[in-house]
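**Q** One-letter residues, chain by chain:
2 protein chains.
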Amino acid sequence: MSFSSMTLEDFSISEGLWQTKYYKKGEAYNSVRQVCKFLGFVEAGVFRTYHIEEKNGEEKNIFFYSANQLVVSFASFINQVPCHYHTEAMTDAKVVFIHYDDLIHLYKTSHAWEHFGRILAEQASNIAFDRTESLLFQSAEMRYLNFVKQHPNLINDIPLYHISSYLGIQGPSLSRIRKRLLDK
Amino acid sequence: MSFSSMTLEDFSISEGLWQTKYYKKGEAYNSVRQVCKFLGFVEAGVFRTYHIEEKNGEEKNIFFYSANQLVVSFASFINQVPCHYHTEAMTDAKVVFIHYDDLIHLYKTSHAWEHFGRILAEQASNIAFDRTESLLFQSAEMRYLNFVKQHPNLINDIPLYHISSYLGIQGPSLSRIRKRLLDK
DNA sequence: CTTAAATTTTAACCTAGGTTAAAATCGTCT
DNA sequence: AGACGATTTTAACCTAGGTTAAAATTTAAG
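These protein sequences, in sequence, are chains E and U.
Residue numbers for the first sequence follow the working numbering, beginning at 62 and rising by one.
Residue numbers for the second sequence follow the working numbering, beginning at 62 and rising by one.
Honestly, the hints are just simulated from the structure, not real lab data.
Any copy, or any two copies together, can satisfy a pair, since identical chains are not distinguished.
Here are the computed lysine to aspartate or glutamate pairs in the EDC-like style, where the Cα-Cα straight-line distance is at most 20 Å:
hint, residue 1, residue 2
1, LYS169, ASP71
2, LYS116, GLU194
3, LYS85, GLU104
4, LYS86, GLU149
5, LYS116, GLU202
6, LYS169, GLU70
7, LYS82, ASP163
8, LYS85, GLU149
9, LYS121, GLU88
From just these sequences and the hints, can you work out the full model?
**A** What follows is the structure in structure tokens.
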């Protein structure tokens, strides 16, 4: 995600609407039942969005956000409905963010920003469709291999149980898969 | 999905860009490796998008489109890349459609249409996120119950094997689930 | 270094759903 | 009604991944 489709002049009308915030590891970006009010751009650090299962309190990771990516609980943000998820910093982090109301105002007053909003939503849908496809068509082993390929940076920085959680499988299951792969 | 967020005047600039097509049951809307060039609005009938597994040629349904919904292979359409899927009429059907190039032209020349494009993409992302969530958090039994709830019309009109395919399970598995539910 | 805590792997057993093929049903056509 | 094809269920067996708890390993702290 980037702002490259926008001229500097168009971007400049958002000057003054952006704020900076520093997050400590573990600090919340947005919490469950809270409406996500901010679209953030990660300047440094890593965030994750996760869901807490009602039956056993287990956390399941939905998404990771690294530096130079947007961080936002998208469904909650665009629909302005309470979030099902928690989003929090996995490391100390720095984010510049804009308020939903300000963004909507930009959308209304600027064709270029409305365009940005479309591209943003289209990229979000790409991400979500990819995830759906991977769950529908790929085995856990393939999902793991693709994750390693697509997030070579994350793989060394975060505990494996965060990855198994993201892949939709249990810790022991990921261990089995890794063993299987090593044996090859 | 609707055009209700647009004034008649804004909508009118698209007059002349829409065409009507009648589909026979089984006729293709778009095929695998074809770039999806059209955004369609289903006036009557039902379409489905499905994927053919390489290993065994088995079809897996991705999505159904009923009357008064848009039909489009969204990822292929917005990115203008070859489609992984087939989309075809499950019944005789009637569709009004617009060409990608014309839609992009509307986006460029009209703020209202760019807004429509954003809402379209946001709704697509909502659908995709919902699907991802259902696969990540719900058992096949829950997915089936939700499908019945959300598509009460489809459930009587299409064979069960299309539904099991959509749920990401095999036919015998859906039969077991239905048996289990009856026994309750 | 040593110890405690966090992480990862292993093991043993369990379950949902996959696979294959053979019944049952159901629909439709004559 | 009878018969064919399509659809759905059943059955028997198989496998990936779940579950639980313990063991091994790694990391961080003192």
